[in-house]
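**Student:** Here is how the chains run, residue by residue.
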Amino acid sequence: MDNRIQETLKGQMQAIRHSSGLMLLLYPMKGFSTVYATFTTDLGSVDTGFKTQYDDDMVDVPEGVAHFLEHKMFENEDGDAFEKYAKTGASANAFTSFDKTSYLFSCTDRFEESLAILLDFVRRPYFTKESVQKEQGIIGQEIRMYDDSGDWRVMFNLLEAMYQVHPVRIDIAGTVESIAEIDADLLYRCHRTFYNLANMVLCVAGNFEPEQVLRVADRVLKPDEKPIEITRKAWEEPREVGKQLVEQKLPVAAPLFEFGFKGVSGSRKENLKNQVLDEILADIICGESSPLYRRLYDEGIINSTFDSEVMSGRGYHCILFSGESRKPKEAAKEIAKEVERIRREGIDPELFELCRRAAFGRYIGLYGRPESVAGIMGAIYFSGEDDICMPLETVFSATMGQMEERLEQAMNPEYSALSIIWPVEE
Amino acid sequence: MSNPLIREKICDGVHFSSVTDSKFKHNRITVNLVTPLDKKTVTANAVVPFLLRKGCRSCPDFTRLNRRLCELYGASLSCDVAKYGGNQVLELSIYGVDRRFTFDNMDVTSQCAQLLAEILFEPNLRDGFFPEEDVKLERQQVVDAIESLMNEKRAYALSRCRQTMCKGERVAIEKYGDIEEAKALTPEKATKAYQALLETAQIEIIFTGCGDPSAAKEVFSKAFAGKHRQPILPAVQSYGIMPEGRNGVQEAEDQMDVAQGKLVLGMRAGEIKDKKALMATRLMTAIYGGTPSSRLFTYVREKLSLCYYCAARFDRLTGLMFVDSGVEIANRQTAQEEILHQLSLLQAGEFSKEEEQAALLLMQNSLRSVTDSLGAIGDWYMTQILYGSCDTPAQESEMLGQVTREEIIEAARRTVLDTVYFLTAKEGN
Chain A
1 MDNRIQETLK GQMQAIRHSS GLMLLLYPMK GFSTVYATFT TDLGSVDTGF KTQYDDDMVD
61 VPEGVAHFLE HKMFENEDGD AFEKYAKTGA SANAFTSFDK TSYLFSCTDR FEESLAILLD
121 FVRRPYFTKE SVQKEQGIIG QEIRMYDDSG DWRVMFNLLE AMYQVHPVRI DIAGTVESIA
181 EIDADLLYRC HRTFYNLANM VLCVAGNFEP EQVLRVADRV LKPDEKPIEI TRKAWEEPRE
241 VGKQLVEQKL PVAAPLFEFG FKGVSGSRKE NLKNQVLDEI LADIICGESS PLYRRLYDEG
301 IINSTFDSEV MSGRGYHCIL FSGESRKPKE AAKEIAKEVE RIRREGIDPE LFELCRRAAF
361 GRYIGLYGRP ESVAGIMGAI YFSGEDDICM PLETVFSATM GQMEERLEQA MNPEYSALSI
421 IWPVEE
Chain B
1 MSNPLIREKI CDGVHFSSVT DSKFKHNRIT VNLVTPLDKK TVTANAVVPF LLRKGCRSCP
61 DFTRLNRRLC ELYGASLSCD VAKYGGNQVL ELSIYGVDRR FTFDNMDVTS QCAQLLAEIL
121 FEPNLRDGFF PEEDVKLERQ QVVDAIESLM NEKRAYALSR CRQTMCKGER VAIEKYGDIE
181 EAKALTPEKA TKAYQALLET AQIEIIFTGC GDPSAAKEVF SKAFAGKHRQ PILPAVQSYG
241 IMPEGRNGVQ EAEDQMDVAQ GKLVLGMRAG EIKDKKALMA TRLMTAIYGG TPSSRLFTYV
301 REKLSLCYYC AARFDRLTGL MFVDSGVEIA NRQTAQEEIL HQLSLLQAGE FSKEEEQAAL
361 LLMQNSLRSV TDSLGAIGDW YMTQILYGSC DTPAQESEML GQVTREEIIE AARRTVLDTV
421 YFLTAKEGN
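Protein chains in written order, with my numbering: chain A, 1 to 426; chain B, 1 to 429.
Some clues are possibly wrong.
[Claimed, not checked] Lysine-lysine pairs mimicking BS3-like chemistry, simulated, CA-CA at most 30 Å apart:
no. : chain 1 : residue 1 : chain 2 : residue 2
1   : A       : K134      : B       : K303
2   : A       : K87       : B       : K303
3   : A       : K249      : B       : K426
4   : B       : K23       : A       : K30
5   : B       : K136      : A       : K87
6   : A       : K10       : B       : K23
7   : B       : K23       : B       : K183
8   : A       : K87       : B       : K189
9   : A       : K327      : B       : K183
10  : B       : K136      : A       : K337
11  : B       : K39       : A       : K249
12  : B       : K217      : A       : K30
13  : A       : K327      : B       : K426
14  : A       : K249      : A       : K51
These are calculated hints, taken from the structure and not from any lab test.
Given only the sequences and the hints, what does the whole structure look like? Please build it.
**Tutor:** Spelled out as structure tokens, the structure:
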């Protein structure tokens with residue numbers, strides 16, 4: 001790749017291991033007003049079993065514990081974290097995904113004060129029997145709300161059909177039954193294990209000076225008493241999908257579908273690289289420039305809501321196509337047929353080149369905004385990479401040979417499944 | 001840092017503006033066709049951007065056009081319909097990486113400008129009209145947009161309140177127009193609307209990004225050269241003052257299949273003489289119901305648990321303020337009383353220095369972040385241009401900081417309730 005581009009993008013990042021043990025990834029962006037900070041731990045909904053070097057046995061935790069913990073962290077003896085942020089003007093949030101929990105804020109002023117709030121509250125757990133019970137009610141409501149959401153159900157029904165044992169098949173928030181098993185002791189244990197600084201990363205991008213972060217980190221962060229090594233439960237996920245078709249009725253305006261190809265999960269580093277390549281692949285199969293997209297659109301089988309996504313993390317990797325469709329089964333059949341055809345006849349080199357260029361432009365965009373820079377630094381770090389340009393480099397050097405190899409491995413219609421949400425008949 | 005806006009006239013009723021900032025990696029060019037809202041033209045106008053997005057002379061079909069965008073490093077071409085005060089604004093916009101971030105030194109920006117100009121001036125017409133099948137497909141987009149407004153109960157209630165309050169005025173017309181008219185759109189009607197827009201709309205072309213805008217300006221100057229236009233000025237009218245002859249507060253109610261009621265209070269912000277007064281009304285609205293630490297949020301929602309949401313917003317282009325809330329049907333009266341009670345407290349000066357500070361902090365934060373996004377910069381200056389000013393977000397932030405307590409109280413006292421609208425459940429439910 002052009003060295004100028006790499007130098008421009010890389011030159012700004014500093015990786016500093018703080019004396020407390022926390023990795024700091026800092027990316028000052030000249031001229032921006034906003035600064036965006038994320039404090040992330042390597043704990044997500046798929047971590048349903050783990051042990052440390054001090055435990056004899058694996059501990060199995062109820063589904064949804066990572067998300068529950070995230071909710072509870074905002075509450076402390078001295079008040080709510082949001083109230084503290086209100087005094088600095090920062091806007092704050094948090095989210096739990098399949099394999100990460102992230103706490104974040106953005107601001108344009110009083111950055112050090114907000115950073116001190118972030119680094120303090122995430123490390124200071126405070127749970128009581130009463131507060132855990134109250135949260136069980138609140139999250140229970142949240143789960144029920146998602147039970148009615150067509151977009152949410154169409155995806156989780158698909159994951160449940162594709163994966164037979166891996167916990168990616170379970171809703172991130174768990175179930176009403178599973179979260180009923182959570183108590184304060186368990187939350188403390190999870191916090192001790194996963195919110196250890198060696199298991200976390202702080203990513204900051206935008207309008208700030210690295211010295212500011214170091215100053216706050218020195219003042220607020222206390223090293224952990226002992227280092228922790230985590231062993232996670234491994235899953236023997238079969239290659240085959242559990243079910244090829246899953247259907248449900250919900251009050252939606254038009255039928256929704258999601259069609260997924262179950263891939264083979266590799267190391268975290270491999271998964272990240274394959275994710276980038278498979279995005280190009282999905283574009284070749286049914287992106288807006290592909291012959292298939294045109295045909296399905298003109299025949300009214302798909303509409304402008306149609307999209308693709310590559311989902312990849314610890315122990316799972318899949319390519320998903322989704323949207324509204326009056327003929328969802330036909331849409332899936334046509335996609336599978338096109339995949340078969342391209343597997344047989346090969347990829348159109350011209351279309352590959354177009355999709356590669358488009359992906360390059362898209363990835364450049366990720367390096368242009370504080371929030372996406374912080375996101376990409378975190379993803380790179382947890383995959384075990386250290387080069388922030390790795391995704392862009394992967395796009396740049398992608399070859400037809402790689403594409404054909406990915407098509408072979410990640411898109412076999414034999415390992416695909418279809419999820420449909422039908423409207424409730426009036 | 002962000003440079004100030006430079007705005008030049010390139011044809012009758014056509015301006016090219018640019019805001020550049022070296023920190024970005026992309027450039028964005030937006031063509032805004034501004035036209036006063038009019039029942040007769042609004043629906044046919046609304047389909048025009050969707051039809052233009054389908055193709056142009058050099059890329060006559062959707063696939064060819066998308067492949068061209070891939071060549072331009074995945075540049076994104078989007079279209080939208082917006083409403084600014086009493087105007088309908090049809091937007092066509094292209095967004096692509098700057099030359100410095102291409103691997104073959106491609107001049108993406110000037111090629112994007114050329115493509116956008118071609119989309120605007122050389123659509124894919126058949127025998128002089130938009131193709132029948134395209135019109136059929138794209139008018140459905142307009143129908144869907146109108147229907148989704150019906151399904152979005154919060155937005156629907158707001159729109160109904162505005163319609164009741166400003167009956168017969170431009171500002172009461174919805175940006176996508178009427179559903180029956182949308183269903184009846186023909187190639188002839190759509191083409192006629194397109195041609196009328198090119199002749200009469202005020203056109204604002206805005207370039208934002210890190211590159212040099214001169215090539216894009218050149219492209220559009222050439223494209224407009226020799227065109228004889230008869231531009232119609234955008235509608236500028238404030239509705240802040242109570243119309244004559246209005247006696248008492250108007251009430252309106254609709255019944256729909258809803259579980260939760262939607263209460264909207266339409267208010268008029270009074271005579272806003274200058275920017276100082278404008279800033280005071282902005283800050284007053286934020287203290288009243290514009291932030292998570294505002295009066296409406298803390299009292300009506302958190303402390304009294306009367307609403308699921310309760311917020312106030314003020315639109316400088318119309319002088320109107322709306323308070324909207326989602327409320328249990330049984331709580332409607334109590335919620336309404338509490339919302340008005342909170343306004344009367346502001347009018348009596350019963351608010352703290354801390355509340356004032358928190359609101360100011362949050363507004364200044366959001367003003368500062370405007371300059372970090374190409375889209376937000378474009379939207380900011382469109383509002384400025386239509387308001388007849390040219391302030392930077394930093395200048396506005398400074399003016400907000402100078403607002404005094406007395407001015408906030410004065411702004412609250414100018415504000416009067418005009419219409420109460422309630423969307424409630426069907427009887428018997």
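**Student:** Going through the earlier hints one by one, which of them does the structure break, listed in rising order?
**Tutor:** 5, 7, 8, 11, 13, 14
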